[in-house]
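Model the full structure from these sequences, guided by the hints.
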Amino acid sequence: MAGQAVLGDAILEETKVTEQPATIESLVVGHTLLVFRIAYSILRNHHDAEDAAQECFLRVLKYGRKLTHVRNPKTWLARIAWTVALDRRPVRATVLFNDEQSYYELLDQLPDRSAPADEQLAGRQLQQILERLIGSLPDELRYPLELSTVQELNSTEIGEVLGIPESSVRTRLMRARKLLKEKLAGRMEVKRHG
Amino acid sequence: MAEDDKGQHLDQVLDSLLATYSNAEPQSGLETRILANVNALANRRKSGRPAFTWVWAGAGLAAAAAVIAAALWGRTVMLPQPPHVAAIKSPAVTPAPSIDVASTPTRTGPIHHTGIRILRMPAQPAVADVRQEVFPTLAPLSEQEQLLLRYLRTTPWEEVAAQSHSDKPAEDRDDDQSFMPGAKPGTQQFTTTR
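Residue numbers (our numbering), protein chains in the order written: chain R, 59 to 252; chain B, 1435 to 1628.
It should be emphasised that the hints constitute simulated quantities derived from the structure, not laboratory data.
Careful: at least some of the hints might be erroneous.
[Stated by the list, open to error] Which chain R residues face chain B? A few, computed with CB under 8 Å, are given here:
hint, residue
1, I82
2, V86
3, V87
4, T90
5, F94
6, Y98
7, H104
8, E108
9, F115
10, T207
11, V208
12, L238
13, K239
All C-beta atoms, glycine included, are put in the ideal place defined by N, C-alpha and C.
Have a look at this one:
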């Protein structure tokens, strides 16, 4: 993924914004958490996410002249962060979840549905299972789903980051959730009857 | 009914997992570190910018000079050979300066970097270009002049003076003699027909 080529070109306006342009200091103060969480949703590691956040703002400084043409600094910054995180994502993280044995091993770790939901969500293992399930999704479904987990972004902003309409974002999120539910339900049936 | 419960349960699990999927907090001081790095990079770029600018300005000037030199070099394709002037030794007896004139154009110029082979023009006579010390132009003596010169060198001066003629034109002498054909000079003849 060429990070520089997709450096927010889709969300730049042709006309110059007459308002006071955002400075890089204001961007750091106002959007560091957003940048960090976007990077974390993709990289799944604190240190890698912090490094990606730093690189994101350094890229902003490098292309600081474009700040005067930015219509929405938040989505522009989110797109840069998303691009930086994708560039930093290791190859092993994109390996699909095709190994049937490890798939069932992970699903065996799911607790029984009779247990309270809070207890089910308590363990770290559930998060790992979900990460691997999300990693098994195709890119067109995985990217909107990962960005939707960032609380600071709504579907409109996700569409601007990905360069797709908001309706497409909603459709892809529904398909992603449906796939995740099917995988979970199928294994739970196996576990119940087996 | 059981299917609906199962679906609701899966939705709850997914919602809970996705809600906390990217709900991570960076280590304290991330903003400060990012700002420090950004400011350090900005200062480094500001301090390094003049040298960088001068380097590029120098390179641009060198390139422009090279282009101008190449253009001027290309315009001097047809170069006349500089005139070859023979030295004039003595105005009295030396023959006219001999000039070697090439009959056909010759390729004498070197092959230059531009690939243009300079074709030098044949040498032109330089008589008109040379400022002459004696006017009119010196020419070799004719045969009669050479005989006369040889006669003067070998004959004594008295004999030459005795054989010399008067400077008076021959017409005048003839007119005087025809006025009185039989009369001697210095006497008058009268006729008395009365």
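Taking the hints in turn, this is what the structure says about them:
no.	hint	verdict
1	I82	6 Å, holds
2	V86	5 Å, holds
3	V87	6 Å, holds
4	T90	5 Å, holds
5	F94	5 Å, holds
6	Y98	5 Å, holds
7	H104	7 Å, holds
8	E108	6 Å, holds
9	F115	5 Å, holds
10	T207	4 Å, holds
11	V208	5 Å, holds
12	L238	6 Å, holds
13	K239	5 Å, holds
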